[in-house]
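Colleague: Line by line, the protein sequences are chains A and B.
Quick note on numbering: this note's numbering labels position 31 of the first sequence as 31, and the sequence is numbered without any gaps.
For this note's numbering, add 195 to where a residue sits in the second sequence, where the first one is 1.
Read the hints as simulated data drawn from the structure, not as lab findings.
Source: prediction; values computed, not measured.
Worth double-checking, as some hints may not be accurate.
Said to hold, decoys possible - With a straight-line Cα cutoff of 25 Å, these simulated SDA-like cross-link-like pairs (lysine to any residue) come out:
id : chain 1 : residue 1 : chain 2 : residue 2
1  : A       : Lys-39    : B       : Asp-509
2  : A       : Lys-39    : B       : Asn-538
3  : A       : Lys-39    : B       : Arg-508
4  : A       : Lys-191   : B       : Ala-431
5  : A       : Lys-39    : B       : Arg-573
6  : A       : Lys-97    : B       : Ala-526
7  : A       : Lys-39    : B       : Gln-577
8  : A       : Lys-97    : B       : Arg-573
9  : A       : Lys-39    : B       : Ala-526
10 : A       : Lys-39    : B       : Gln-459
11 : B       : Lys-409   : B       : Arg-508
12 : A       : Lys-97    : A       : Ala-152
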Amino acid sequence: MSGVTTEMQLMADQVPAGSRVLDLGCGDGALLAHLQQAKGCSGYGVEIADDNVLACARRGVNVVQLNLEEGLALFGDQSFDVVLQLQTLQHLRNTEKMLRETARVGRVGIISFPNFAHWPNRLSVVQGRMPVTRTLPYQWYDTPNIRVGTFADFEVLARRNGLAVLDSFGFHAGRAVRRWPNLRASVAVFKIARG
Amino acid sequence: MGAIGHVTPQTQRFDAPLPLRSGAQLAGYELVYETYGRLNAARSNAVLVCHALNASHHVAGTHAGQDRSEGWWDNLVGPGKPLDTDKFFVIGINNLGSCFGSTGPMHVNSATGRPWGADFPVVTVEDWVDAQARLLDVLGIHTLAAVLGGSLGGMQALSWTLRHPARVGECIAVATAPNLSAQNIAFNEVARRAIITDPDFHGGHFYAHGVVPKRGLRVARMIGHITYLSDDSMEAKFGRSLRNASGAGRGAELAYSTQDIEFQIESYLRYQGDKFSEYFDANTYLLITRALDYFDPASAFGGDLSAAFAAARDKRFTVVSFTTDWRFSPARSREIVKALVDNRIDVSYAEIAAPHGHDAFLLEDPRYHGVLRATFERIARQVNP
Chain A
1 MSGVTTEMQL
11 MADQVPAGSR
21 VLDLGCGDGA
31 LLAHLQQAKG
41 CSGYGVEIAD
51 DNVLACARRG
61 VNVVQLNLEE
71 GLALFGDQSF
81 DVVLQLQTLQ
91 HLRNTEKMLR
101 ETARVGRVGI
111 ISFPNFAHWP
121 NRLSVVQGRM
131 PVTRTLPYQW
141 YDTPNIRVGT
151 FADFEVLARR
161 NGLAVLDSFG
171 FHAGRAVRRW
181 PNLRASVAVF
191 KIARG
Chain B
196 MGAIGHVTPQ
206 TQRFDAPLPL
216 RSGAQLAGYE
226 LVYETYGRLN
236 AARSNAVLVC
246 HALNASHHVA
256 GTHAGQDRSE
266 GWWDNLVGPG
276 KPLDTDKFFV
286 IGINNLGSCF
296 GSTGPMHVNS
306 ATGRPWGADF
316 PVVTVEDWVD
326 AQARLLDVLG
336 IHTLAAVLGG
346 SLGGMQALSW
356 TLRHPARVGE
366 CIAVATAPNL
376 SAQNIAFNEV
386 ARRAIITDPD
396 FHGGHFYAHG
406 VVPKRGLRVA
416 RMIGHITYLS
426 DDSMEAKFGR
436 SLRNASGAGR
446 GAELAYSTQD
456 IEFQIESYLR
466 YQGDKFSEYF
476 DANTYLLITR
486 ALDYFDPASA
496 FGGDLSAAFA
506 AARDKRFTVV
516 SFTTDWRFSP
526 ARSREIVKAL
536 VDNRIDVSYA
546 EIAAPHGHDA
556 FLLEDPRYHG
566 VLRATFERIA
576 RQVNP
């Protein structure tokens, strides 16, 4: 499949075959196209960027051009089996609203974001500098990641918003990390549902 | 990209009466249409392009012997263009009640021997769609690969999926709305009053008097034109420029007249109004604005648009809006998208950040045309395997 990374494949593995999927911040639609073709899934992507909307149209993936900051009013309660919010949360101002919206619209939400507590990041901060890594490739002054949190932080946030964490693990160097993910994984992955 | 070249409109006569939504019927009628490209052997590559208020069947190409006679969507439809006539058989049909060839108020009512005038039956979007379907029957086309329209044309495209869902594969609805807002109807009503109160209107039977209610038509067109442009584009194009700006460096001089043209925007609107009043029929303007007012597919479902679109369950849609379009704003397109999503219908929605207001749907924008090109390329792969 063109454009399917190992991270994407791991996320795809979390989505049951035949699911109705909403992919928030779907990018060029590669994951949705893969889910449609390999797992018989259906649904929509949501994107704000013109070039990504066009890329989705070229792939034949349903895409709805929307600003996620405005919420998900287009989508009904529990109208999707799975809502994906992959590497998107860190760009949103209304983090909590989006989390609650994700749990409202989907029976299951799968959320991934860069784990700021990954050990190289900690090391960098201990040395007095903000981390610049593969997962966090930006300088502090030009990063699009307006929310930086950790694996452990998200557990607190989920509880605070009355969300049930169905599963959680880390992702690093092409594999799932289930042991000490807050330390050992560059990416945090949470499977959530309404509490 | 090539050009379509000269095209010749064709006329099809229908003798079977057309039942209209109002309960009336049109005894016999003619539809004028144009086609571009070739119908494939499987008859599966036909695309119907529905026209809006001021337009006609002349979607693309030119008419022989007429300068600047490009069709109204020539930038979109043609060889190598987003709606590629090398791949698709494209059909433009002039709607009933129009003044561009199909049976309308200027034609003679066979029952009276006089022009229909104001007595032409009120036609709706649904009536137009039914008439279009009859022409497709004549052309031997059962199923459209797609139906495409902008503005009022978009309403027809939507209506196709509700009235004849088995006969259309995909709907592409641009800069349109699921019904008119009170403000939209208000603008239409101002335009209609301008026409109807023109002393030359004669209750809609002005043909017999050898006059045309041009004053009313001019004002109708002026008000319509304001709603087609965005505040920003009007500001950029005209601002407060004066028509009689004097020589360089001396600034402009005001005439201090309440009736003469001072500002360029006044000059522009008057020019548009004058031009329009030369070729557009007053009764047609009334009919078409009414068709706009009446369009409301949700009304038969207690206002529930999602229930209305249940009829289109296995269709596929592409919806496009423009951020500065305040006539049919993106919020109106999102209502359509929501109704489709509620029915789990395949839909893609592009909200194009274009500065041109409602008019953007007729202009070339790479993002907009890119999405339509990608959509038609996908459809082409399906119908021409």
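Colleague: State for each hint whether it applies.
Modeller: Do the hints match the structure? See the list:
About 20 Å separates the Cα atoms of A:Lys-39 and B:Asp-509, which keeps this hinted pair within 25 Å; it holds. Taking the CA atoms of A:Lys-39 and B:Asn-538, the gap is about 21 Å. The hint holds against a cut of 25 Å. For the proposed pair A:Lys-39 and B:Arg-508, the alpha carbon gap of about 22 Å is at most 25 Å, so the pair holds. The hinted pair formed by A:Lys-191 and B:Ala-431 fails the criterion: a straight-line CA distance of about 50 Å is larger than 25 Å.
Restraint check for A:Lys-39 and B:Arg-573: the C-alpha separation of about 21 Å stays at or below 25 Å, so the hint holds. At roughly 21 Å between alpha-carbon atoms, A:Lys-97 and B:Ala-526 fall within 25 Å of each other, so this suggested pair holds. This hinted pair checks out: A:Lys-39 and B:Gln-577 have alpha carbons roughly 21 Å apart, not beyond 25 Å. Restraint check: the Cα-Cα separation between A:Lys-97 and B:Arg-573 comes to about 36 Å, which exceeds 25 Å; the hinted pair is violated.
With a C-alpha separation of about 33 Å, the suggested pair A:Lys-39 and B:Ala-526 falls outside the 25 Å cut-off, and the hint is violated. Distance hint between A:Lys-39 and B:Gln-459 is unfulfilled; the C-alpha atoms sit about 60 Å from each other, more than 25 Å. Between the alpha carbons of B:Lys-409 and B:Arg-508 the distance comes to roughly 46 Å, so the proposed pair goes past 25 Å and is violated. For a cut-off of 25 Å, the pair hint linking A:Lys-97 to A:Ala-152 stands: about 19 Å separates their Cα positions.
In summary, the structure is inconsistent with hints 4, 8, 9, 10, 11 from the numbered list given earlier, while agreeing with the others.
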